[in-house]
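Asks: As a plain string of letters, each chain reads:
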Amino acid sequence: MDALIALIQNAPGAANMSAQALHNTAAALMATLMFTVMALCAIVFTWMERKVAGFLQNRYGPMRTGRWHGWAQAVADMLKILGKEDIIPAEADKGLFVFAPILVLLGSLLAWAAIPWAPGFVAADLDLGLFYIFAVSSLVIIGILMAGWSSNNKWALYGAARGAAQMVSYEIPLALATIPVIMYTGSLNTQDIVIAQQGGLANWYIFRDPFLFVAFWMYFIASIAETNRGPFDMPETESELVAGYHTEYSGMRFAFFFLSEYANLFLVSLIAVMVFLGGWWAPLPLLDVIPPALTFIIKGVMMVFFNMWVRWTLPRVRVDQLMHLCWKVMIPIALICVLGSGIIQMVRG
Amino acid sequence: MATEDVKATGWADQDHVPEIKSELLELNMGPQHPATHGVLRLLLETDGEIVYKVTPVMGYLHRCAEKIAEGVNYKQWVVYTDRFDYLAPMCCNHAYVTALEKLMGQEVPERGEHLRVVAAELSRIASHLVSLATFGLDMGAFTPLLYMFREREEILNLLERIAGGRMLYNYMVPGGVRYDVPDDKWIKDVLSFVDMMETKKVPEYNTLLSYNKIFIERTANVCVISPEDAFTFGCTGPVLRGSGVSFDCRRDDPYGAYPKFDFEIPVGQGQMGAVGDCWDRYFVRMLEIEQSCRLIRQALETLPDGPYQAIELKKPVKAPMGAVYSRTESAKGELGHYLIGDGGQTAFRNKVRSPSFCNLQVVTKVGVGQMVSDLVALVGSLDIVLGEIDR
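Each protein sequence line maps, in turn, to chains A and B. Heads up: the first sequence at position 283 corresponds to 1431 in my numbering, and the numbers run straight through without jumps. Heads up: the second sequence at position 107 corresponds to 109 in my numbering, and the numbers run straight through without jumps.
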């Protein structure tokens, strides 16, 4: 933010702006940037998901739209979905039905504010950054519950009930897995967490101690469940619940759910990079020539690819097995990680 | 299982809070639902995730095929058998012409019998591939579907070369088959396909899906069909064999050229859980693919020379007065035809005993007390084809 303010200050005609005006301008710019990046990443990831799925499934995926490997397919899809009729079921609870997709998108959008893209380049440099991210991304659960309930469809209700149970449960191991990192850093500020990982691969939190390595995988598994993707796509389960909580949604409202899924996917991947994989620091000194923001995004995209790989390989777990995995396996392991990592830090001083 | 028994499993919590009146949720699974494999409608009564009652509602794909059999002549009705089990039409062809030849007392040349076995077994492999693939899809594994359809495509190509069609063949006629082997290359291609299937593809599917930890968790010990239940509901085919009963019409009530060949009948072993669970039914099909490969290889390697049809193709056939019941092993189970002839060119009555219809009935018992996800697994593992259920 400070870097951005400095940039604006040096711009012609901005010399005599007040501090407040400067701040507002920077905030507006940042918000626009965030939204653009998010919309863009949803489009890019839709295309990427289809190409990755095709690659894993012995086929090509989209090849025609836009000539080069169907790059424009996602754009075409978005245009198509804009032209779709917006249907609200007659028996639906209209207010909730309309508001739910907005809330879901809001939850994933807000969390983006605290992502540190590069040194000094973060929209909201909060001291409680990580806490804030986990807090606002919980809004998604409420949105999904609202969507399922207001649709007045039994399948949607099933999907919403499953989704709420799953996401509430998996927030616990998700947050627990990051606690050792917070203990190392001594701060919840997202910038501080990344800065503490300076100095090559060995200083990344994932390699700091064995417990953190386990904690990373706990985080990764929980993040798949958090984003409702296979093998934990309980709220959708297209072969059981038709389409889950968004069965009754169409057109742009459906696109909002879709958008938020990919925004969430990128978000949890970026958090994984930020917390465990060294944020914007390059793994080798050789690669320092790459701009930090680009390093950060490349790492994030690689995590997204990993997510897609898992999704298109594994079958889906059952809803009770999912809960079993969370409460009886992952939470104890995450707690052990917190304890073990704490002891190591005490011993190391 | 009665409602009390479902509660006794410890899963359901209906009437958990005595003061609050609760009732079961009626849920329509189908006729348009991704997991019902066609236009099947399951009427569920559920309490949350637990199913208390399952009622299959059928008839959405009824096309009066049996009634039509009373109006068209014997040969013309072969095309209707294609539409029964459209995933393994050759097996359905085979079932009907076997019944008809039994009624007519018609002999079939050796070469024709061998070609029938090859075609029917290729069709069986294709059908099992679709079954395994869609079962994986029901379990949320999308990718194996594409891999298995790749091999199915090969089979369709091979069958297209010999029968001219890709889905509805009308290949078998009373007294033999419609076309001979197109050329020697076809035989070579089939043999190399069979080898590839055995050595490469089946192990690949096993690595990708069968021995996947999540897949085993989802299917082992789930919806166990006991041998008694399987008998009571008249289950046949992989569903019966999955329950550990070694019964196969190809061996126990032989027809065609099958007695000449050497093959095994795989049965469910309870390898991952109880005998008769979804995983067993799934894996029996995988093993049957290997046995079908053996059959095809034997039938082609000993393919005799000579005619492949006994009756001239354009000649209408007549059957004497009388009634026969003949059963064959289709990909889904025992496919029987009860055929009554009135002495003319048309059947007086043709009643089909379809395996999918009988196999499906078992959900009314085994599906009760399961979770909705497990019911999806059960229906997937039964491998029903609605074209055959409703005819």
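No lab work stands behind these hints, which were simulated from the structure alone. Backbone N, C-alpha and C define an ideal beta-carbon position, used for all residues, glycine too. It is possible that part of the hints are untrue.
Distance condition first, Cα-Cα at most 25 Å in a straight line; then the derived PhoX-like pairs of lysine-lysine [claimed, not checked]:
#1 B:K262 - B:K190
#2 A:K1302 - B:K190
#3 B:K69 - B:K104
#4 B:K203 - A:K1199
#5 B:K202 - B:K187
#6 B:K316 - B:K69
#7 B:K69 - B:K320
#8 B:K367 - B:K77
#9 B:K187 - A:K1302
#10 B:K69 - A:K1476
#11 B:K353 - B:K320
A few chain A residues facing chain B, derived, Cβ under 8 Å [as the list claims (entries may be wrong)]:
#12 N1300
#13 K1302
#14 Q1469
Asks: B:K187 and A:K1302 were given as a pair; does the straight-line alpha-carbon distance stay at or below 25 Å?
Replies: 55 Å, violated
Asks: With the threshold set at 25 Å, check whether the alpha-carbon distance from B:K262 to B:K190 stays at or below it.
Replies: The given pair, whose Cα atoms are some 21 Å apart, holds under the 25 Å limit.
Asks: For a C-alpha distance cap of 25 Å, please report whether B:K69 and B:K104 respect it.
Replies: Status holds; Cα separation ~21 Å.
Asks: Taken at face value, is the distance from the CA of A:K1476 to the CA of B:K69 at most 25 Å?
Replies: 58 Å, violated
Asks: Does B:K320 sit within 25 Å of B:K353, going by the straight-line distance between their CA atoms?
Replies: 19 Å, holds
Asks: Hint A:Q1469 vs chain B: min CB-CB distance below 8 Å?
Replies: Holds, about 6 Å.
Asks: Has the given pair, B:K202 with B:K187, been kept, meaning a C-alpha gap of at most 25 Å?
Replies: The hint holds at about 21 Å.
Asks: With the threshold set at 25 Å, check whether the alpha-carbon distance from A:K1302 to B:K190 stays at or below it.
Replies: Roughly 54 Å separates the two Cα atoms, so the pair is violated.
Asks: Taken at face value, is the distance from the CA of B:K69 to the CA of B:K316 at most 25 Å?
Replies: Roughly 24 Å between the alpha carbons, so the hint for B:K316 and B:K69 holds.
Asks: A closest beta-carbon separation below 8 Å is what the hint needs, so does A:K1302 meet it against chain B?
Replies: With Cβ-Cβ at 6 Å, under 8 Å, it holds.
Asks: Next pair to validate is B:K367 with B:K77; report whether the Cα-Cα distance is within 25 Å.
Replies: Not satisfied, since the Cα-Cα distance of roughly 40 Å exceeds 25 Å.
Asks: Any CB of chain B closer than 8 Å to the CB of A:N1300?
Replies: Since the shortest Cβ distance to chain B is 13 Å, the answer is violated.
Hints 2, 8, 9, 10, 12 from the earlier list are contradicted by this structure; the remaining hints agree with it.
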